[in-house]
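Turn these sequences into a full structure, and let the hints guide you.
Protein sequences appear in the order of chains V, E, A and U. Take 1 as the starting number for the first sequence in our numbering and just add one per residue. Take 1001 as the starting number for the second sequence in our numbering and just add one per residue. Take 2001 as the starting number for the third sequence in our numbering and just add one per residue. Take 3001 as the starting number for the fourth sequence in our numbering and just add one per residue.
If you are wondering where the hints come from, they were derived from the structure by calculation, not from laboratory data. Owing to the predicted nature of the structure, the values given are computational and were not obtained by experimental measurement. Think of the CB as a built atom: it goes at the ideal place given N, C-alpha and C, for glycine as much as any other residue. Warning: the hint list may mix true and false statements.
Said to hold, decoys possible - Listed next, with one range per pair, are the computed distances between beta-carbon atoms: (1) Phe87(V) to Ile3098(U): 32 to 38 Å; (2) Pro1540(E) to Asn3079(U): 28 to 34 Å; (3) Asn1573(E) to Gly3241(U): 50 to 56 Å; (4) Gln3146(U) to Phe51(V): 46 to 52 Å; (5) Thr3066(U) to Leu1458(E): 24 to 30 Å; (6) Ala2011(A) to Tyr69(V): 19 to 25 Å; (7) Gln3260(U) to Leu1458(E): 46 to 52 Å.
As the list claims (entries may be wrong) - In silico lysine-lysine, DSS-like type, Cα no more than 27 Å apart, as pairs: (8) Lys1595(E) to Lys2094(A); (9) Lys3074(U) to Lys1410(E); (10) Lys1595(E) to Lys2161(A); (11) Lys1536(E) to Lys3074(U); (12) Lys1595(E) to Lys2164(A).
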Amino acid sequence: MAQHNHTSQPVKKVHANHHSMKPHIVSFILSLMLTALAFAAVIYLPEQKGFVYPYIVFLGIVQALVQLYVWMHLKDKGHLFPVMGIFTGVIIVFTCIVMALYWV
Amino acid sequence: MAQHVRPRNTGLWDWITTVDHKKIGILYLVAGGFFFLLGGLEALLMRLQLMYPEQNFFIGATFNELLTMHGTTMIFLAAMPLIFAVMNAVVPLQIGARDVAFPFVNSLGFWLFFSGGVLLNLSWFMGGAPEAGWTAYVPLSGMQFSKTTGVSFYVLGLQIAGIGTLIGGINFLVTIINMRAPGMTFMRMPMFTWTAFITSALILFAFPAITVGLVLLMFDRIFGAVFFNVASGGNVLLWQHLFWIFGHPEVYILILPAFGMISEVISTFAKKRLFGYSAMVFATIVIGFLGFMVWVHHMFTVGLGPVANSLFSIATMLIAVPTGIKIFNWLFTLWGGQIRFTAANLFAVGFIPTFTIGGMTGVMLSVAPADYQYQDSYFVVAHFHYVLVGGMMLGLFAAFYYWWPKMFGKMLNEAMGKWNFWLFFIGFHLTFFPQHFLGLMGMPRRVFTFMGGQQLELGNLISTWGAIIMGVGTLLFLVNVAYTHMKKQPQAPADPWDGRTLEWTIASPAPEYNFAQTPRVRGIDAFWIEKMAGNKGMTPAEPLGPIHMPSPSVLPFIMSIGFFIAGMGFVFNKYLFAIVGLGIVLICMFFRSYKDDEGFHIDVEEIKETEKGARL
Amino acid sequence: MNHADHGVLPAEPEKATLEGRNKILGFWLFLGGETVLFGSLFATYLALRTQYVNGPAPHEIFQIELIALATFILLTSSLTSVFAIIGMHRQNFKMMLFWFWITVILGFAFLGLEIFEFVHYYHEGHTLSSSAYGSAFYTLVGFHGGHVLFGVLWISLLLIKNRKGLTVVNAPKFYVASLYWHFIDVVWVFIFTVVYLMGILGGQGGA
Amino acid sequence: MIRRLQHVGRMLPLLLMVALLLTGCGDPYLSALQPKGSVADMQFNLIKLSIIIMLGVFTVVVVIFTYVLIRYRKKKGDNSIPEQVEGNHKLEIIWTAIPFVLLIILAVPMVTTTFALAKDYSNDKNVVQITVTGHQFWWEFEYPDQKIKTAQELYIPVNKKAHIKLESADVIHSFWVPALGGKKDTNPGMTNYLWLDAKEEGVFQGRCAELCGESHALMDFKVKVVSQEEYDQWVAKMTKGTNKPANNAVLADQGAEIFQKSCVNCHAVDGKGGPAGPDLTNFGDRTTVAGILKNDKKQLAKWLTDPEAVKPGNLMIIPKLEEKQVDALVEYLHSLKRE
Ligand code: HEA
Ligand code: HEA
Ligand code: CUA
Ligand SMILES: [Cu+2]
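What follows is the structure in structure tokens.
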């Protein structure tokens, strides 16, 4: 297929880690652990809500970042606009959440 | 590589299947223009009713239908598509691209907008139009208080049109990020392309909020959910938040492209580069960002408390700073220039003081305790028409006069254009200036009448006469278009205005493939640089070769029909229709994904032929 | 171009053409929009999280084992779709197909659990109309479920259609589908945290 | 600082002009430009301050604008190419900084006023406590301490604060008395507060400022500001008073009978009757029917004959009444006068 051969962005070169399973298995185990920690906190510390709420939200955010950066390759080069897209979204989501908690 | 034959379609079929951004631009222009006339007609009817106190032409529900449909039509079905029209016609040309990133999606975007718009307007004939205002506040817009199907039409029409707008926005983002010609760095992009870029980003992040709002309202109205039903624990402020988290960015979605158009027109007709280009870019980004942080200024009177009100009041005021930067940069672009008062430039120049007034009443509104007086009064109506009509519409008219030759290959008549400007401009101020005072004198908005003897008569009378004059001005534009296209006249030159940017380096109208050879860009105002260097045109960045084009497709049109049928099905609780409609959509998606579009090629001979015929 | 040339693919076939790069970037931006979409749904849920007037409260009906299982399934499916993309990058077409099919199967398993769960709640009197809480719950979780459903259908279709081999034309499609699938998993992380775990704790508190 | 004062000094005549211009505007009992209470006063001060700032900015813009358009228009035959100026940092900093300063000048009184207007007087014994409920398309006023319920006309004593609790019976309305102060919404499922006072006796026009359905335009009410004595008398009348006998007692009795049959489900008189319509206990004293018609025989008859023609979409649904019945009802309703 002929392409529009004018582009301001050169074709990206390969990154070796795309071929390797290791980082992905590591992040899978990490995700499992984070999930398990969250469930455990809810099961074993049901009375300490003041701690558990922020704690599990924090775990969730860490897990989301791991998945975004490792599995969805945001850590790789050439992902400036995806990163901007997602995090602009996140900022707006954050304002929405604040709205929901304080002003509705 | 298989050489595919170039499909040759003509007439209606061609318009329905086209994926050419220039033609889609024209489709947006025609459809948006039609809806503008419709919205204008609704405005005229309202103004007629309010010409004298206690008249009885359109009262009660009818008036509410008119005002809801006027606002909704103007914002979603006139302003948005007219902006998309100019973006489609101009952005790819300004960045030296042969096409947009997703031609198919682009066409789907148009057809979705159009079917949403048609769906919404059919409500007039199918049980009544929505009557809860363009803001559709719950619970008034809920089933309990709005028993006709009007609001359901509103919900589904906007939902469908909104999806179209959203994918259109993504298309422009990717086009601008990935398809720029060599040398066209971000900081060399023309101002209009910049504003189109930021506007598309705002669309991407703002529309999902209204999508969710509309889904909640639809579930409440159609599936018995209770989001807004206070007795079941629902909350009526939730809708207002979701609406305005979208709604405020929406007004910047509308004004930013107008800022871009003005920037192009003013710098061309002052024969100067844009003063403070980098500050302009920066200001655009800041306005876009702040736009998401101020939505509560529409809700000062709902009782969120002094802390929220103060914070959002200050955040809102801050937007005056980047906007002020823009105003002064335009003034200083004109400063020291060689100003030519063409029709396009009249509109652009008229924009400056008019928008300034609108912006300043905006800042007045942002003062929360004072807004307790202005809110939902005609003062607000005056404010937003100053920014929307005096700002955005003047910008759009400037853009039409300026880019008409590039879109159609014909020049609009200048003398008529000037009449068009003066009638519209004077009519505009007559209509909306007195409304500031009406509001302060105690006239609420969205009222179908006012009582005599409260000193509101004069203002309303002037306002109605102004609207009539504005209507004549608008009609004059139509006459101008008709005259231009009926009269035999030579094809417009490629560069009629002594332009500065890439779109003026190619023939008018632009050939199908835009650029025979992709140009190499050497700086801001790329064409002007070459002109000053004594070059005839741009230096090509590639040898002449066959050009690959996407094939036309009727799928977008069919998909939009599917959405239309589904929408109707939901409005009338006929789920069979809904399923059939959505089925059509899914089948089209299946086909699209199943059959790869291989496109076709325009060969070198044909390109040479076309280029020879062009009047460069 | 659809046919032939396996093996001579560029290293990252999904980004080899401008069309491919456009598709991937466009899809990322779309995910940015989806972020706001789910964010608004989360905000709605949070705003109404204590409004279970006539219906049951979350801690009365949620079953933590079920949620743990669903979470595990979806997380694993995300991993398998990573493997599929690794297969693509190794130009091992069979490997890619295999892992994508596993992903699809896991996706269906997740959906099955969710349907089972919803039916169960329905019998407990927790419905779309039982309370504002119910409306918010079903809309948020249902939107996610709808995304899962769309995802499995989409990936299946891709797999059925592209049996012949990998090309620079279909590589971006697979890549984008895997991005979509990961995104659904990321959203689920917040759903199990905010909706289920916090619900089980007793939704009264703030976050 | 001194420069700033001089600046303000030069603005003074302008300020006076603006004030004069604005205070001349509109019906004195309706217009926000002729404030008659401390809330409206504070708001009017902010309005004036912001208008002055805006006029200043606008003058600068228009002066530059006019100069540029006249001075730099292209002259015939002049084909020179203007210098392509890139920008000017000094200028750009100036027009970024000055608006900032102006906004701070505006923001400070904004914040203080916002908090002043949000003061809670709900437990203040010296403040009149009132509950206002918005209905499609009429206003209900309740004085919980005195156990008075009325509609369409709100009585408050002059120079005394009133703390107003805002509620809604159906959709969102907004309570607005421009000459006394800004508006606040009545939200279903929520309670809002607002305080007001009036510095002058008189009848002030109030309106609903949020689209609430077909007759939103006609959802007017009146605020009657009276002297403290008059107010006390009114309270006494409303709480302990009885009605004066009607002029035509026979007719009025007939009316009362019809009323008990067809109207009492929705309207209460002396605490007996349904809540769907306005309380009519003191209807004879009101100056309006349904907030918009003059309360005389003819207009009341018009309302009773065809309420829909007066207020489209209103929720008073009654069977068609005969002329005689209407006459009787009018006589009866006008006899509902407190003494
Ligand atoms: C194109 C559309 C557009 C634009 C650009 C704006 C711009 C602004 N708007 Fe407007 N607005 C609307 C469309 C728009 N608005 C609409 C449609 C509504 C009503 C919706 C409805 O209820 O139906 C509305 C309502 C609205 C409200 C709510 C009113 C109410 O309902 O009570 C407020 C309150 O803060 C507000 C504020 C502002 C401000 C501060 C700006 C600023 O961005 C303006 C900035 C510009 C300037 C200030 C001028 C130039 C600056 C200088 C020359 C520098 C120096 C200036 C100073 C120091 C002051 N707007
Ligand atoms: C881009 C947006 C936009 C535009 C361009 C306009 C344009 C105009 N608007 Fe609009 N207006 C809104 C957006 C806009 N408005 C919004 C959002 C609202 C709020 C709605 C709500 O409260 O919910 C509103 C509300 C609104 C009101 C207040 C209604 C109320 O609160 O009761 C009024 C009243 O004067 C008004 C008047 C006008 C007028 C006279 C024009 C004029 O500029 C129109 C000029 C054009 C014409 C006059 C057309 C001329 C053409 C013909 C006559 C030919 C017709 C032929 C065919 C159809 C084939 N508008
Ligand atoms: Cu009540 Cu408008
Ligand atoms: Cu706004």
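Quick rundown of the hints versus the structure:
1. The hinted range of 32 to 38 Å is satisfied by Phe87(V) and Ile3098(U), whose Cβ atoms lie roughly 33 Å apart.
2. Between Pro1540(E) and Asn3079(U), the C-beta spacing of about 29 Å keeps the proposed range 28 to 34 Å intact.
3. With their beta carbons about 54 Å apart, Asn1573(E) and Gly3241(U) fall inside the hinted range of 50 to 56 Å.
4. Hint check: Gln3146(U) to Phe51(V), Cβ distance near 51 Å, so the stated range 46 to 52 Å holds.
5. Distance hint check: the CB atoms of Thr3066(U) and Leu1458(E) are about 29 Å apart, consistent with the given range 24 to 30 Å.
6. Here the CB-CB span from Ala2011(A) to Tyr69(V) is close to 21 Å, well matched to the stated 19 to 25 Å.
7. With their beta carbons about 49 Å apart, Gln3260(U) and Leu1458(E) fall inside the hinted range of 46 to 52 Å.
8. In summary, the hint linking Lys1595(E) to Lys2094(A) is supported, as the alpha carbons are separated by about 22 Å, within the 27 Å threshold.
9. Between Lys3074(U) and Lys1410(E), the direct Cα distance comes to roughly 25 Å. Compliance with the 27 Å bound is thereby established for this hinted pair.
10. At roughly 9 Å between alpha-carbon atoms, Lys1595(E) and Lys2161(A) fall within 27 Å of each other, so this suggested pair holds.
11. For the hint linking Lys1536(E) to Lys3074(U), the alpha-carbon distance of about 25 Å falls within 27 Å, and the restraint holds.
12. Distance restraint check for Lys1595(E) and Lys2164(A): the Cα-Cα separation of roughly 14 Å lies within the 27 Å cut-off, and the hinted pair is therefore satisfied.
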